[in-house]
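K.L.:
Chain residues, written in single-letter form:
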Amino acid sequence: MMGAIKSIRVVVAPLLAVAFMLIAWQVAVMMSGVSAYLLPTPWAIGQTMWANSDRLIGGAIQTAMAATLGFAVAAVMGILVGSMIAAVPFLRRSLYPLATILQMVPLIAVAPLLVIWLGFGLQTAIAAAAVVALFPVLAATIDGQVSVDPGLREFFMLHGASGWTRWRKLDLPASIPIIVTGLRIAAGLAVIGAIVGEFVSGYGGPNAPLGIVIMTAMREARTDLVFAAVALSAAVGFALFGAVSCIGWFLVHRWHASGVTFMEQIK
Amino acid sequence: MVPRSSLACIWSYFYGADQVKRFQLTFISLVAVIGVVVGCDRSSPTAAEPSAKQPGALTPITLQLNWVPEPEFGGMFAALQDGLYAAEGLAVDIRKGGAQVPCAQLAASGQVQFAVVSGEEVLTLRARGGAIVAVFATFQRNPTGFLLHKANPIDSLEALWRSSSTVGLDPGLPFVAILNERYGGTNLKLVPYSGALATFMVTPDYVQQCFITAEPVECKLRGIETKVLSVADVFNPYSAVISTSELFLKENRAVAEAFVRATTQGWIRYLATPEKYNPAIAALNPSMTLEAMNIAAELERPLITPASGAADIGQMTADRWRSLGKQLVDTKVIPACGEVDDAFLSRGQEAAHAPAHAPDGAAGKAP
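These protein sequences, in sequence, are chains E and R. Add 1 to a position in the first sequence, counting from 1, and you land on the number used in the numbering used here. Add 1251 to a position in the second sequence, counting from 1, and you land on the number used in the numbering used here.
Do not take every clue at face value.
[As the list claims (entries may be wrong)] Partial pick of chain E residues on the chain R-facing surface, computed with a CB cut under 10 Å:
id: 1; residue: Tyr38
id: 2; residue: Ile117
id: 3; residue: Thr217
[To be verified] Reference listing, derived: stretches of chain R covered by chain E, where coverage requires no fewer than 3 residues with Cβ under 8 Å from a Cβ of chain E:
id: 4; region: 1352 to 1362
id: 5; region: 1421 to 1427
id: 6; region: 1430 to 1443
Hint data in this document are derived by calculation from the structure and do not stem from the laboratory. Where is the CB? At the ideal position from N, CA and C, for every residue including glycine.
In isolation and in its complexed conformation, chain E is listed as follows (with noise of 0.2 Å):
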């Protein structure tokens, strides 16, 4: 009965807190005056979110796919990435300052050369997603696998295990808690990253990714367009942490203390 309670407050307590925002919002909007096409009311947002349904799911579905391939993309490449750095001390010292920089590359900058590198549609919006993704999993992968146990490490060595037994049943497990919050932070990224791929690589139309829409919504003054298309994208995003949130906390809950305060985290 406790635990239904609890569980409850965790899903209400930040619908309520949503719901306060919204509210607040749409009173300020109203009192102030404010003209639309500069801030519309989540009522109206609402409204054309329903009226554009199917433009709008149609490119939250393409945003999505960008957004989760390029996601798994950094998430594989980080990780075997960050692995060796880890495990070479003298990538370590000559890659990890170049990763450093990697994180640094403005992507508004780099998207225009990913499209004369690979052309127009999904491909550019996986790229822009992957690059900007990257970072934050090699990152986490390199600082879990260099702060494993000492102890540990040398009880493997004392027992004469190979390099990729203690990777496989050492290091790599034992980084799972940091890598999960490396890809959380990838998540929210790669939706970013995949929307700036589409704003220059984005195919029009009726399926036009949520980049185009946001372009083509603030072409044509429709403010509230925009805030639809955005509202989606966050969704889009939140979905994806979400998803890696479950899988992070499928991987850890038995063993980690991560895993198993996840629920009280986020009361």
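Please arrange chain R on chain E, whose structure you already have, making use of the hints.
P.N.:
Structure of chain R alone, referenced to chain E:
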């Protein structure tokens, strides 16, 4: 209204009785935020009033461009360089623009006094509730077109729209709907226009939007042979239109008229001797060479000068605005177009309010 104590009860249920103080702080903060928004926007849109000036001092004015400095804004830079704005009592600050600068919204909301927008943006924003008014139309004929490599076999808009080409376009351009209605366009691949030539240069069958006076000139100077399909035959709004907010025009009509007079004279001077003014523009835009600017100025002259002569540069007619409004409604870009007489400042209206004697410094000769 829900009593504050009831909200506090709900809060204490979810977050615990000891957190009521936090609720009170949150509640007060929210009320304060609402208050700030309401307070800020009571007078929105603002009139972007020129700040109070001393007697004899110049009135500060900001002109927001929708692109980087190029010959398409040559008249404004000529007016600045020759002191025509100053002679009208204006201290004009010309701000560079770019692809994502929301010029129409900036002008309508009073964030800047004047902004350069496209004709369709004026009617589109008005249809969405923005109180924007056009005061000066630079291009009488739409300079927008499609840029193709010369070897591309496509030779008409119809052929282009029936092809499966990849076309770089700003999303949301109204003439796309017009061309779709006429020719189908189902096989075209529309992609965002980057504003650069890099993709065009490396892709022989790529087509992109262009300003007749800009990209084709750049290509020619780089040794790339091109051809242009003009959009003006199917969609011909005024272009590079200087706009302001209704409120600013109402409260500062004399300032707006002075600005239009100086701009008109600036254009007359610029089109007569563009090479005199282009070095200053080129200094602000290193990506376009001086040679390209001189060629562009020659190309834009017939698109800017009305049939009635250079003295009528910048003027607009209700018929042209009505025709544009009808096209935008027919293609469902806007649901309805109101009375267009309020959407622009006609030369007749302006003359009725103009001072009897224009300042000497504003006198110019038609080319």
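K.L.:
Could you run down the list of hints and mark each one as holding or not?
P.N.:
Evaluation of the provided hints:
Interface restraint check for Tyr38 (chain E): the shortest CB-CB distance to chain R comes to about 4 Å, inside 10 Å, so the restraint holds. About 6 Å separates the beta-carbon of Ile117 (chain E) from the nearest beta-carbon of chain R, less than 10 Å, and the hint is met. Interface restraint check: Thr217 (chain E) against chain R, minimum CB-CB distance 4 Å, threshold 10 Å, status holds. Counting residues of the region 1352 to 1362 of chain R whose C-beta lies closer than 8 Å to any C-beta of chain E gives 5; at least three are required, and the coverage claim holds.
Counting residues of the region 1421 to 1427 of chain R whose CB lies closer than 8 Å to any CB of chain E gives 5, which reaches the minimum of 3, so the coverage claim holds. Only residues whose beta carbon comes within less than 8 Å of a beta carbon in chain E count, and the region 1430 to 1443 of chain R has 4; three or more means the coverage holds.
Consistency with the previously given hints is maintained throughout, with no hint failing.
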